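Chemist: Sequence:
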Amino acid sequence: MDTAALIGQEIKIRDIKRDEDRQVRCTTYRITAAYPGCVIGVDKNGHKRGIPANELYRQGLIKQSPELEALKKGAGRSTAWHRKNS
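Numbering (numbering that gives the first Met the number 0), first residue to last: 0 to 85.
It should be emphasised that the hints constitute simulated quantities derived from the structure, not laboratory data.
Please read all numbers here as calculations on a predicted model, not as lab measurements.
Be aware that a few hints might be false.
What the hints assert, rightly or not - Calculated pairs, BS3-like style, for lysine-lysine (alpha carbon to alpha carbon, straight line, at most 27 Å):
id, residue 1, residue 2
1, 62, 43
2, 11, 62
3, 62, 47
4, 11, 47
5, 43, 11
Assemble the whole structure, with the sequences as input and the hints as a guide.
Modeler: Right, dumping it as structure tokens:
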């Protein structure tokens with residue numbers, strides 16, 4: 000899914016505070032513009048924020064190509080291809 004497909008939709012972005020209590024706060028944004036690396040979101044108060052594409056990937060709002068998603072799912076397994084044979 001491309002970032003341009005999100006224009007006009009409302010999305011929730013989870014913001015994690017860096018305090019000791021680690022509160023999670025969700026903010027709803029309406030997407031008004033899309034660029035290759037980010038989208039522009041407007042909250043209910045009218046404040047604009049640039050949201051990078053990697054944050055959208057991380058929160059599961061958009062998906063990458065199936066090949067990259069398969070690599071991400073297999074990233075936890077150690078294949079040991081980089082180790083020398085001894």
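Chemist: Which of the listed hints are broken here?
Modeler: The structure breaks none of the hints.
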